[in-house]
Amino acid sequence: MAKHETPLLDELEKGPWPSFVTDIKRQAEKNPDCWDILGQVELSYKERITHWKHGGIVGVFGYGGGIVGRYSDMPKRFPGVEHFHTVRLAQPASKYYSTKHLRDICDLWEKYGSGMTNMHGSTGDIIMLGCRTEALEPFFYDLTHNLQQDLGGSGSNLRTPANCLGQSRCEWSCYDTEEACHHLTMHYQDEIHRPAFPYKFKFKFSGCPNDCVAAIARSDVAVIGTWRDNIRIDQAAVKEYVAGNIPGNGGAHAGRDWGKFDIKKEVIDLCPTECMWMEGGELKIDDAECTRCMHCINVMPRALRPGADQGATICCGAKAPILDGAQFATLIVPFMKVSADNEFEELIEFIEKIWDWWMEVGKNRERVGETMQRVGLPTFIKVMGLDPIPQHVKEPRSNPYVFWAEEEVEGGWSRDVDEFRARHAA
Amino acid sequence: MALSIEELKAAILKKAETAPKPQLYIKDFYACDPDSKPRVVKNAANDLVKEGKMMFWSSGSTTMYAMKDRIKDEEGAGGVN
Chain A
1 MAKHETPLLD ELEKGPWPSF VTDIKRQAEK NPDCWDILGQ VELSYKERIT
51 HWKHGGIVGV FGYGGGIVGR YSDMPKRFPG VEHFHTVRLA QPASKYYSTK
101 HLRDICDLWE KYGSGMTNMH GSTGDIIMLG CRTEALEPFF YDLTHNLQQD
151 LGGSGSNLRT PANCLGQSRC EWSCYDTEEA CHHLTMHYQD EIHRPAFPYK
201 FKFKFSGCPN DCVAAIARSD VAVIGTWRDN IRIDQAAVKE YVAGNIPGNG
251 GAHAGRDWGK FDIKKEVIDL CPTECMWMEG GELKIDDAEC TRCMHCINVM
301 PRALRPGADQ GATICCGAKA PILDGAQFAT LIVPFMKVSA DNEFEELIEF
351 IEKIWDWWME VGKNRERVGE TMQRVGLPTF IKVMGLDPIP QHVKEPRSNP
401 YVFWAEEEVE GGWSRDVDEF RARHAA
Chain B
1 MALSIEELKA AILKKAETAP KPQLYIKDFY ACDPDSKPRV VKNAANDLVK
51 EGKMMFWSSG STTMYAMKDR IKDEEGAGGV N
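Chains as they are written, first to last, in my numbering: chain A, 1 to 426; chain B, 1 to 81.
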């Protein structure tokens, strides 16, 4: 039986899509506190103002992240949401979990929390919505002791690292994303569970340039698989595609008749760098011009494969649009070997160099991408101890002046004026 | 020369007790000892939380540090209802 009239929210149940309103009503039949979620949200829709207060001192002992305090600013009217803290649980690598584990988590949440969940949050965490302060510690105890499940990240912490399915399911993955994600998650437990930085910090691992976890758009350090030799071509399979014997895109668009496969129209003409052509019935690629867009490989997976000399491209500084708009990560290292053989040593060294610099130079609540933007890419590259390379150049320069650093000029800024005047009269 | 960990912790506590704002960013504590690396200051501040001498205050996206008796307790703050 509904506790509050919700005419505005009820409108949201009328569309063709699943509605969170229906979900909350269903859960409210089990947990009457959930009626107050609907009541408060209805009031917010009516008054066009939020009635949630967020932030606070809530947490579990020993951890400085994973719990986000949330309260109602109308606790007497909506007592069921007086405390409505969010708990973030670390998602397993690639989000592989058994249905039993999910059921166990949900049972635990119905015992201690509202029963409402959000699968998954933007960073990938399993989000548990709505818990009273006094239930946090018992929930955490059962979670860790009975389900062996840890909390995720929040606040100025390293957020739960995320990765694509990688080599567990995908033939294009150029490194073991699961191993990298797991290794770094374990290596940086302190940074995940306790605040360490001026603001949040994320890294994500994609096995190939298709970037299925959108690392380039969402992470401060995006580790994106790539290769530095040539795309491997099976010319016999190319002929099969041209003859129409193998469906393009692995048959992904088979629900409609698109006509005969046309390699020129569907592959060659769509290459962004125009580095492909047919010659004597064979597909040719000028690999030096390839920008790893993956289109040709996606269309003809049985004919084309990433090269064999594999590693990852490291891009830095993506973020959502709080300051200065959203930005993609900037390429910093075009190719790095990413391997468990040396315990990801090179990657870890790279990440910690960024941290040491950003912790000192970054302003409060400034993502590393914003710090990079503020100081400029040349400064960031210098801090990272890298030499500028053509791939760092976004566009031809429009400023005619060259700004030399003192150490780049022979003799620095000091000079002997008398010696100069001996050669150049005033 | 950098302060010892105990000296650094004492300086952090003093700053947290006397700063005009009750909640402080980790960077606010860097000035407690300019010779200590940021990571050392962070570890000292987090140790003080473990020891129960300070609290984390988190907005969800950012975490700050505070002395418990200096910050508003949302649970005791009631509401506008």
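Treat the hints with caution; some may be incorrect.
Subject to a maximum C-alpha distance of 27 angstroms in a straight line, what follows is the list of computed DSSO-like cross-link-like pairs (lysine-lysine) [as the list claims (entries may be wrong)]:
{"#": "1", "chain 1": "A", "residue 1": "LYS53", "chain 2": "B", "residue 2": "LYS9"}
{"#": "2", "chain 1": "A", "residue 1": "LYS382", "chain 2": "B", "residue 2": "LYS27"}
{"#": "3", "chain 1": "B", "residue 1": "LYS9", "chain 2": "B", "residue 2": "LYS53"}
If the Cβ cut is set under 10 angstroms, some of the chain B residues that face chain A in the computed set are [stated by the list, open to error]:
{"#": "4", "residue": "MET1"}
{"#": "5", "residue": "LEU13"}
{"#": "6", "residue": "LYS14"}
{"#": "7", "residue": "ASP28"}
{"#": "8", "residue": "ALA31"}
{"#": "9", "residue": "VAL41"}
{"#": "10", "residue": "SER59"}
Think of the hints as simulated: they come from the structure by calculation, not from any bench.
The beta carbon of each residue, even a glycine, is placed where N, CA and C say it ideally should be.
Hints, verified against the model:
no. : hint               : result
1   : A/LYS53 / B/LYS9   : violated (32 angstroms)
2   : A/LYS382 / B/LYS27 : holds (23 angstroms)
3   : B/LYS9 / B/LYS53   : holds (10 angstroms)
4   : MET1               : violated (19 angstroms)
5   : LEU13              : violated (17 angstroms)
6   : LYS14              : violated (20 angstroms)
7   : ASP28              : holds (8 angstroms)
8   : ALA31              : violated (12 angstroms)
9   : VAL41              : holds (9 angstroms)
10  : SER59              : holds (4 angstroms)
Of the hints listed earlier, those the structure fails to meet are numbers 1, 4, 5, 6, 8, in rising order.
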